[in-house]
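Enquirer: Two chains, two frames, some hints: make the complex.
Chains as they are written, first to last, in the numbering used here: chain A, 1 to 263; chain B, 264 to 528.
Think of the hints as simulated: they come from the structure by calculation, not from any bench.
Some chain A residues close to chain B (C-beta under 7 Å, calculated; not the full set):
hint, residue
1, G21
2, F24
3, S42
4, R51
5, W172
6, T177
7, I180
8, F194
Built from N, CA and C at the ideal position, the CB exists for glycine as well.
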Amino acid sequence: MRAYIPVARATYMIGLVYRFGFLFNILGNLVYLGVAYYLWKSIYRYSDTIRGLTFNETFIYVALGSAIFILLKTYADWIMHFEIREGAIATYLTKPIDYQIYALFANFGAMLMNLTAITVPTALVMLFVFKVHFPSGLGLVLFPISLLLAFLISFSIDYFVGLFAFYSESVWGLSITKEIIVTVFSGALIPLPFFPDAMQRVLLWLPFQAIYHTPLMMITRPNQGLDIFLSMILVQLIWAILLFLLARLFYNQAIKVLRIAGG
Amino acid sequence: MQSLADYIRLYFIIEAQYIKARMQYRADFIVSSIGMFFSSLATLGVFWVILKSVPDLAGWSLMEMIFIYAFYMIAISPMQILFDHAWNIRFHVREGTFLKYYFRPLNMMFYYMSEMFDLKGLTQLFVGIALLIYASVQLDIDWTPLRIILLLITLFSAALVQISIIVAASCAAFWVVDSYPVLGLAWKLREFSPYPMTIFDGPFRFVFTFVIPIGFVAFYPSQLFLRPEEVSPLVYFSPLVGVGLFAITYWIWTKGVNSYSGTGS
Chain A
1 MRAYIPVARA TYMIGLVYRF GFLFNILGNL VYLGVAYYLW KSIYRYSDTI
51 RGLTFNETFI YVALGSAIFI LLKTYADWIM HFEIREGAIA TYLTKPIDYQ
101 IYALFANFGA MLMNLTAITV PTALVMLFVF KVHFPSGLGL VLFPISLLLA
151 FLISFSIDYF VGLFAFYSES VWGLSITKEI IVTVFSGALI PLPFFPDAMQ
201 RVLLWLPFQA IYHTPLMMIT RPNQGLDIFL SMILVQLIWA ILLFLLARLF
251 YNQAIKVLRI AGG
Chain B
264 MQSLADYIRL YFIIEAQYIK ARMQYRADFI VSSIGMFFSS LATLGVFWVI
314 LKSVPDLAGW SLMEMIFIYA FYMIAISPMQ ILFDHAWNIR FHVREGTFLK
364 YYFRPLNMMF YYMSEMFDLK GLTQLFVGIA LLIYASVQLD IDWTPLRIIL
414 LLITLFSAAL VQISIIVAAS CAAFWVVDSY PVLGLAWKLR EFSPYPMTIF
464 DGPFRFVFTF VIPIGFVAFY PSQLFLRPEE VSPLVYFSPL VGVGLFAITY
514 WIWTKGVNSY SGTGS
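So that you can see chain B by itself, here it is in the shape it has in the complex (with noise of 0.2 Å):
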């Protein structure tokens, strides 16, 4: 059992390796970052141009959507950087290549999600922070030190929330094989993260806050730093979320891993 230095260490020599090697196809990159600096902004297009309509959305102005947003786009980063080979898990267990992963002395989900660094994702990597600050400057956000302390713990647990939500989708391949279908309607869920809840009512509110808590993603820990005298008790539960979905994941993955019996052949 290696300690968190090594992962660490190992993970930096993996990715230098395949970066090398996704770099002999430049064009690839740059078609690829431009396809995702365009999808990565398509729902902050369709709050624009309703907040062209109307004054407010549920009492949020455009500039306030714009943080939210960005907040987004920097939270669900992660999962699209280093956990986009959890899109890839039911073509190995359909093709019994899932088994290689078993046979090294490392964590399995460490060794699995190392084999991609999605490049393309630092795109909304970028412009998510580029939003956050020009949001920030325009509100008069005053970041303080404790502020960015905060911002970097929520920032965190949201990230497990959205990598937790992906991953668990795809570990239905585990058991029905094609997870495709499972994964698009995860997939479909991340894009109402950035909605204000509050227009949400009855059974929506509450399975976006409590059962697949995408209310976490964005929307609520944006509210520590866009209206903090007006945050529910809840929003200060976030770090705990993102960490016992990570756990909830975490075991759902160690189940379908020790569940798996190969292809037979």
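So here's chain A without its partners, still in its complex pose (with noise of 0.2 Å):
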């Protein structure tokens, strides 16, 4: 393990070269979260409540899951593309390292970068800018736990996309798609709640609302009994793992195929 810590560092380190870069980043989530707080306000104009949430619990949901979106997106998928299609994947197949867990602590790196470089901020305009009022529980202090599995649970779908690459150049579609469904079905876009019974009861099993939800309710709704949210730790904790070792399975399937032009 002491081997790949570096690994973190080092994409951590590259993550400070780009100022300019977080500069935007920050100011598009700015501009996001003005847009979310007008679309809905302009949403709960009739009612205090709908399906459950405040308009407060409902932004404090979006404009977090917006902070924690630049987080968990990992763009492991496009840099494995890259890496493979380039054959500099070759690199790490020659050292004694796994190329799993290479990967994980690259993206690691990255994301301690994000959070430091536009969560903070965001979540600090949230409080002093649109005065969120966030509520106290017992949900926060189990919220680093939630989250952290959460970013296992989305670097291990995005470096189960990225395997495609051994197989097909054409990646750009399969990313795209896959985005698309995680965000969409993860409450990234759109809380939970608000999607229709039917739904709702299908998108709980599947392992996108373990990213974004999971963590989002925890923040959201904070005063609840510690059992129920063990289980949904217990829930992301199952899918971390699950989904670990299945591409942990594809990739010893996916490297057989891999032949890289010599130069």
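Expert: So, in structure tokens, the structure goes:
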């Protein structure tokens, strides 16, 4: 494990180079916060609670969702497409490292960079500009654990899709389709409780809700029993392990078809 | 200097070759088109889910939102299909390969943008047209010849607004090389153009109407067909907004192209 920590450190440092990029990222996020604020304000024009959520709860859910979206969107698949297509993956195969763990740590470093550069500033803006009132409770304490598990799940899905680059050059469509499915069905765009009931029941059985809906509910509704939170974390843990192993299995198959042109 | 007819003829010759080359990768075309299909409908999905819980969005019904969204999908298609090469300016600038565009007796923007024709963008265009027809039928819109001409004019103008925003953002590459963050922001703003502008107030509505006028990509022009009796005089300026914005963008492009000095190798 020790060998991989410098990898995370390196990607964190790479992030520092792109300060100009972060400025625009924060700006984009602020605009999104504003748009979301007005959109939901107009939706809550007639009633105080819709589908069991107040305006304040919905806004926390949506706004914080956009802030952690930047953390959990790993770009692992885009990077892998590039590394596999260009043959750069060969440099990892010749070293005594595990590619999946390597990719995990590389993305973890980038995630920490985004946490300090984008998510924290966005949360501060929510607090001081939009004057959002965050309720307190047990959920806040468990939120970091839930977020970490969400990162693992998100990474495994991205990594899994990234492995398709071994088979095909056309990965843009796959990655975009995956991104849309994850963002829409995870609650990243609209809180899950807003979906029609039948759809909600299906969505709760899919891994996507464990990425955004679970951690966001811990902040939105932190005053629930420990047993409820533990069962939420347990579901995340099961998905994290399952998807990680599934991706590993897929890698063992996919690596067999790899051919790299010499040079 | 060629005439407009020459340029159009040339464009068809270039794109015919490009499409032939792309068709070598048929699976890529199919998978990308599916991806485009889902990604272009995501925001409409948001409106659909919201309107399952509340009766209207700032006074606009689901069917009206579908019309606005369809208008938006058609209006952004020319940018997607014809100007997709804008995303690559930063690579060409960084690698120095942008120099080759200076050495042809052609308009540089034409020559540069003609190098790519985004086939998957056609999916978005066709879905947009289908949705526009569907919503028009459901809403009983009376398509008189005058209205159809008005639709074509407003769509042309809206397309120019969207093209201008993206091309202007991509021109940042000439000064800062990595224009991706600027383009990313412009891309994100694009998604807000089908929102009813009436939900915003204060600085947001001002910016979306007068500074980065994404309101003119879909919402304002759609009003001419949905609620012609409520239209604010502002909407009649929409053809001017498109042409004016494109003129500004072309000026930025020319500035950028003239200031670029290559990589020196």
